[in-house]
Each structure stands twice: as structure tokens, then as C-alpha cells.
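K.L.:
So you can see what is in the structure, the chains are spelled out below.
2 protein chains.
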Amino acid sequence: MQSEFEFINRLKINSQKIRRTRARVGIGDDCAVLPKNSRNDLVITTDLLVEDVDFKLDWSKPEFIGHKALAVSLSDVAAMGATPVWSMVSIGIPEHVWQTDFVEKFYDGYLRLASKFDVELVGGDVSKAPDKIVIDSIVAGEVRRGKAILRSTAQVGDLIFVSGELGGAAGGLKLLQNGTRYNSDEKIWRKHLLLRQLQPFPQVSSGEFLRDKKLATSMIDLSDGLSSDLAHVCSASKVGAQIFAAKIPFDIKLKPIAKTFEEKIDLALNGGEDFELLFTVNPKKYFRYKNEFKNRRFFQIGKITANVGIVELIEGEKIQILEPKGFRHF
Amino acid sequence: MQSEFEFINRLKINSQKIRRTRARVGIGDDCAVLPKNSRNDLVITTDLLVEDVDFKLDWSKPEFIGHKALAVSLSDVAAMGATPVWSMVSIGIPEHVWQTDFVEKFYDGYLRLASKFDVELVGGDVSKAPDKIVIDSIVAGEVRRGKAILRSTAQVGDLIFVSGELGGAAGGLKLLQNGTRYNSDEKIWRKHLLLRQLQPFPQVSSGEFLRDKKLATSMIDLSDGLSSDLAHVCSASKVGAQIFAAKIPFDIKLKPIAKTFEEKIDLALNGGEDFELLFTVNPKKYFRYKNEFKNRRFFQIGKITANVGIVELIEGEKIQILEPKGFRHF
Numbered sequence: 052m053q054s055e056f057e058f059i060n061r062l063k064i065n066s067q068k069i070r071r072t073r074a075r076v077g078i079g080d081d082c083a084v085l086p087k088n089s090r091n092d093l094v095i096t097t098d099l100l101v102e103d104v105d106f107k108l109d110w111s112k113p114e115f116i117g118h119k120a121l122a123v124s125l126s127d128v129a130a131m132g133a134t135p136v137w138s139m140v141s142i143g144i145p146e147h148v149w150q151t152d153f154v155e156k157f158y159d160g161y162l163r164l165a166s167k168f169d170v171e172l173v174g175g176d177v178s179k180a181p182d183k184i185v186i187d188s189i190v191a192g193e194v195r196r197g198k199a200i201l202r203s204t205a206q207v208g209d210l211i212f213v214s215g216e217l218g219g220a221a222g223g224l225k226l227l228q229n230g231t232r233y234n235s236d237e238k239i240w241r242k243h244l245l246l247r248q249l250q251p252f253p254q255v256s257s258g259e260f261l262r263d264k265k266l267a268t269s270m271i272d273l274s275d276g277l278s279s280d281l282a283h284v285c286s287a288s289k290v291g292a293q294i295f296a297a298k299i300p301f302d303i304k305l306k307p308i309a310k311t312f313e314e315k316i317d318l319a320l321n322g323g324e325d326f327e328l329l330f331t332v333n334p335k336k337y338f339r340y341k342n343e344f345k346n347r348r349f350f351q352i353g354k355i356t357a358n359v360g361i362v363e364l365i366e367g368e369k370i371q372i373l374e375p376k377g378f379r380h381f
Numbered sequence: 052m053q054s055e056f057e058f059i060n061r062l063k064i065n066s067q068k069i070r071r072t073r074a075r076v077g078i079g080d081d082c083a084v085l086p087k088n089s090r091n092d093l094v095i096t097t098d099l100l101v102e103d104v105d106f107k108l109d110w111s112k113p114e115f116i117g118h119k120a121l122a123v124s125l126s127d128v129a130a131m132g133a134t135p136v137w138s139m140v141s142i143g144i145p146e147h148v149w150q151t152d153f154v155e156k157f158y159d160g161y162l163r164l165a166s167k168f169d170v171e172l173v174g175g176d177v178s179k180a181p182d183k184i185v186i187d188s189i190v191a192g193e194v195r196r197g198k199a200i201l202r203s204t205a206q207v208g209d210l211i212f213v214s215g216e217l218g219g220a221a222g223g224l225k226l227l228q229n230g231t232r233y234n235s236d237e238k239i240w241r242k243h244l245l246l247r248q249l250q251p252f253p254q255v256s257s258g259e260f261l262r263d264k265k266l267a268t269s270m271i272d273l274s275d276g277l278s279s280d281l282a283h284v285c286s287a288s289k290v291g292a293q294i295f296a297a298k299i300p301f302d303i304k305l306k307p308i309a310k311t312f313e314e315k316i317d318l319a320l321n322g323g324e325d326f327e328l329l330f331t332v333n334p335k336k337y338f339r340y341k342n343e344f345k346n347r348r349f350f351q352i353g354k355i356t357a358n359v360g361i362v363e364l365i366e367g368e369k370i371q372i373l374e375p376k377g378f379r380h381f
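As you go down the protein sequences, you meet chains R and W in turn. Every position in the first sequence, counted from 1, becomes a number in this note's numbering once 51 is added. Every position in the second sequence, counted from 1, becomes a number in this note's numbering once 51 is added.
Calculated from the structure, these hints are not laboratory results. Hints may contain errors.
Pairs involving identical chains hold if they fit within one copy or between any two copies, as the list cannot separate such chains.
[Unchecked claim] Derived lysine to aspartate or glutamate pairs resembling DMTMM-like cross-links, with alpha carbons at most 25 Å apart:
#  : residue 1 : residue 2
1  : K63       : E146
2  : K107      : E368
3  : K354      : E374
4  : K156      : E55
5  : K179      : E374
6  : K156      : E57
7  : K376      : E146
8  : K179      : E57
9  : K369      : D159
10 : K63       : E155
11 : K335      : E363
12 : K289      : E363
13 : K179      : E146
14 : K63       : E193
15 : K306      : E146
16 : K289      : E55
Here the structure is a predicted model, which is why all the values come from computation and not from measurement.
If we strip away everything but chain R, and leave its shape as in the complex, we get:
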């Protein structure tokens, strides 16, 4: 059976058969990139969230779900180095949910995050759904013409960075699976991990910084998980990568639930949903911005190699091939 990634690749080829490409970047990056005017390009993304696959009512709150629906798409826009501008949201609601305050509170959470980034909700659709809530989140952003940061342009020798600590969202998921629920009286470390999972914050300003300073040679957001998302970069850029296990910045609040190094590294590599940025930088450029990177808590975790399609995880003397074990639907 084909994976969703194989399917998307074939779809890309089929859709290109039909017409000459109008998009600068079509299917296969975090966002499509389309010419807007003489100055700017439009980037646009859509993310489908389905109840009991991407969120559970019992695990989250309607405000969190509204926040996260927008956040995941803002994160895609951030990963292009673009500034989000407007959004749409389509929502399918079962009758029994319509009768509650879910939709009200969903939009409260959604619009609160939208206002933080000055994103205007310009449209959407409301539909009935048979028994599960479905949400499609669409966000458009802008970036100077030709300056969107792609996943396909990493260069051999580039350093690999992440924009923040990893594994927190997966830790939160683990807590939820074990029966912990978010409430404001909860212990701080638990609240932290739960909010990393339930209310992720998109790294828009980091993306804008990297764009403005022309620092990132390639970029993707960490939605599926580092092992999978780095594999996407390597495959799109036709390069390989080495990751140094000791350099992976674990979320410090993981300690109580991930005792061993192996447990922590599994959450950080394969957990997904941290919605940090993964990006590559030419080493010469990095040295000029070393202090700034430190202040922003960007972490270097490895480098790009010529070993096409191979991601190596280096742990002391041990080198192992890192298989993409992040989230996949199929």
C-alpha cells in the first residue's frame, strides 16, 4: 500500500501533466508559493484536522482546538519565512456539538491567536458532519518575490538547526494517553507539556528573522517529527544529513516522564507536533550570527551531507541510520 507521501508525489506529477506550472512552488512544500505582485509572493497552506485522529474532545478544550487549528497552518507559513496575512476555516459539526458552545469557544481560541499575528479571518464554510468534528484551516502569507524558504534547497555542508526544544508535545500526548487532563491547578511541568501538545505556538517571528537576515538555505516545520521532517528535507534537496544525539535539545520538562536518554530521544525524534522550525544555514553565515542564535535559543543539531537520502544519527562512537518514524496517516 502506498504511503500518503508516495501518493502526494504521484499527485504532484499528475497535476503537472495537466498544465504548465503557474505556481512558483506547488504540491510538496509546507505551502504553495504563487506570484502576487511585482514585490511579493503569496504562500498558502491547508491543514485538515479530524476529531479522534488529530484531536479529542475529551483531551482538549474547544479554545485549544481553535488555537491549534490556526497554529498548525501558521507554522507552515512560518516555515516558508513568510508573514501570515489572512485565513479561512471550514468546519463540519455534528448536530449534538452544534447545540453546545463548542463553535463559539472554538472561534474564541482561533481569533485570539489570529489577533496576535494580525491575521484576518476572511471566509470559511460551516457544514454538518455525521458524528465527528472536521476542521480545515487555510492560511495565506506574504514574502518578498522569490524569497520563500523551501525545503528543497539545503546544501551539502550546511549546518542543521532547530528553533527550540523538542519532545514536549509528544510528552504532553503521553500524559494525555495516561489519563492526565489539562487544568490550571495542575503541576507546572505537566501544564507545560500539555500546552505544548494542545496549544502549540507557531514560530512565525523566528521564520521572519531567518528570512530577513537571509540565513536559512532551507526550512520545514516540525509537525510529523524530526526524523520524518528531516527526511523530507533530504529527499527534496537530494542531500543527506548527520544528527548528533548529544546536541538534540530535549524539552527540560520531559524529565519526570522520560527517565532514560533513549526515551527522551524517541520523543524528540519521532514524536512530532512541536511546531518548531528545522532549518539549514551556511556555516560561514552562522558564525556571524552565533550570538543571536544563542539568544534566540536556536540549537545546532547536525549538518547536511552528500550521502543522498541517508540521515545518520551519531551517538558517541555509534552511527546508526535514522529511519523516519514520525507521524504518518497511512
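Position chain W against the provided structure of chain R, taking the given hints into account.
P.N.:
For chain W alone, kept in the frame of chain R given last:
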């Protein structure tokens, strides 16, 4: 309980509280309208289709579902007088459907229609869904700056037109409900009605004609049904309308399943999904284009009045208030 239309109205107000409007037209028309460049505006729409609410696998074919998913959004773009340019589609698929050729054939139908209108599929999302297929269809179009045709600009005294015959899609739905299924050996009238329902054709070229000739003072597509969609125009334009029952162009193939005038008029007024255009024209302009309207089979069905919010149905001597009885989710 609030209807979806009331909810959308409140959402419009809430989203406007948050920021000054960047969109020329935001929530509440067929498409949002956003400034693109010095020459053109971008119009964009999203339509959510949910299995067993908007389509049934047993009633349709994957190719038809792909076609219709795109067609409903193309119809929204057509209703703005815009030319469709690019699209995205997000699809949530249950595991057992992923294992069939549904997705292949869905995109066959989708891309076949896309190529007819030279629309480029630039992105999307593939997700797992628990048990029902969900599809979100997003289409963007272009129109000269400030020239999008809105539903809020009908003028008292304008004539009301539809771009084609009505009730066919509702007739097709009736056949499906009674157990008829589409197959190529079926009688022609049945095939015609089933295809009106299962494979609607968006009236893009009619929309473009009306835009190019500056003929329509307002426009909407007939998705919910004439009685509801005309009420949307009246409410948005703060006008009323009179419809002449005798002038409503019934789909001629309805005869075998709608014997009486009352049955036919119910399908035409309240059935929905014909995806024809409903538009208003200044009478002076109409007289200059009378022949062209005839050739294009545009039908005049009534006129706009100052009777704000009231739609009257005139049948001989009888005048009745027409309540919006078209499709609504809630």
C-alpha cells in the same frame, strides 16, 4: 438554536472587531475578495463536503465526487464574476477507503474538470479520517480590481435572472432517494437529472460574460436553492424581490417525476445544487443585450423591490411570501 447563517453573521462581526478589514469583502459572500496587485483582486472560497451529508458513496462514483468537490467551489468563483486560477484540496480518508482506488479516481475526476478551466492544483492535505470521507475544496480566482460582483449590490428596479434551468439537481436527488443509480445504459432523462445532481457544471463562462459586459449589479450561485439564495441577496442588498412563478425555467426533464406545477416549483425553488447563477441587471442594460441573453438561455424570473427582506412569489392573481426553504445544515 441559531442557524448557520446567523452564526456566520455574528462571526463576521467578531472577526471585524479584531482588526481593520484587509479584505475588500470578507465573510458573507460567495468568496472573500482580497487585493492582489494594482490590476487584479484575488477571490477565494472554501467548501467542505462530508460523506453522507453532501454525498454518498452508494449514490455517486469517486470521479463524480472529485468533479463535484471542485465544481462547487468553481461555482462560487463564477458567482463573483471571476476567472478561476488555482485550487487546493484537503481530503480525510478512512483506512478502508485508502485501500481502494477511491483517491485515484477522485483526483481523476477533480483534475479532469480542473484542466477544463485551466485551474492549477497547487496544494492540499491528506489525512486519515475515522469513518467518513471529508473533503475541503479551495479555489482562487482573479477579477479586475474592485470589479468582483457581490451579492450585496442589487438595486431596486433591477431585473432578476437565472443562468439556466432549475430543479434538475433536486430531481436527480429524488431519483437517488428512490433507488435509481447512475449507469450509462439508463434512460436519457434519468441520466440527465442524475448528472445535474452528481456532476454539476459550474457557470464560469456566464459569470465572465456578465463581468466583461458589466451587466450584473449583483450575483450569487444557486447552491442552497433559489428561495434561500435570493433571500441572501435581498438581505445583503437590503432590498426585496418579486418572482413570477410562470417565468421560472423548470428543467424539462423533470416531467416524468414532477407531474404537477406545485411539485416542479418546489424542486426549482427549494431543491438547491443546480449551481446556476442568480443575478440582477439594470433594465436599461438588459434591453441592449436581450438577444444575447436569449442565446445564452438566461431567464428573467422577477425583479428587485424596495420591500426590504421580503420575497414575493406571484402566481397569476395570487401573491404569497416566499420563505427560504432551501438547504441548510442547521
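K.L.:
Indicate, hint by hint, whether the structure satisfies it.
P.N.:
The hints, checked one at a time:
1. K63 - E146: For K63 and E146, the Cα distance is within 25 Å only across copies (22 Å; inside one copy 36 Å).
2. K107 - E368: neither (42 Å within a copy, 57 Å between copies)
3. K354 - E374: Classified as within: same-chain Cα gap 17 Å, cross-chain 66 Å, threshold 25 Å.
4. K156 - E55: between (32 Å within a copy, 16 Å between copies)
5. K179 - E374: For K179 and E374, the Cα distance is within 25 Å only across copies (22 Å; inside one copy 40 Å).
6. K156 - E57: The answer is between: 16 Å across copies meets 25 Å, while 37 Å in one copy does not.
7. K376 - E146: between (37 Å within a copy, 19 Å between copies)
8. K179 - E57: between (31 Å within a copy, 15 Å between copies)
9. K369 - D159: Answer is neither; intra-copy 49 Å and inter-copy 48 Å both fail.
10. K63 - E155: So K63 and E155 pass the 25 Å test across copies only (13 Å; inside, 37 Å).
11. K335 - E363: Within one copy, since 23 Å is at most 25 Å while 74 Å is not.
12. K289 - E363: This pair counts as within: shortest intra-copy Cα distance 15 Å, inter-copy 66 Å.
13. K179 - E146: Both: 7 Å inside a chain and 22 Å across chains, each within 25 Å.
14. K63 - E193: both (23 Å within a copy, 23 Å between copies)
15. K306 - E146: Neither, since 42 Å and 35 Å both go past 25 Å.
16. K289 - E55: Within one copy only: 20 Å inside, 48 Å across.
The structure fails hints 2, 9 and 15 (numbered hints given earlier, in ascending order).
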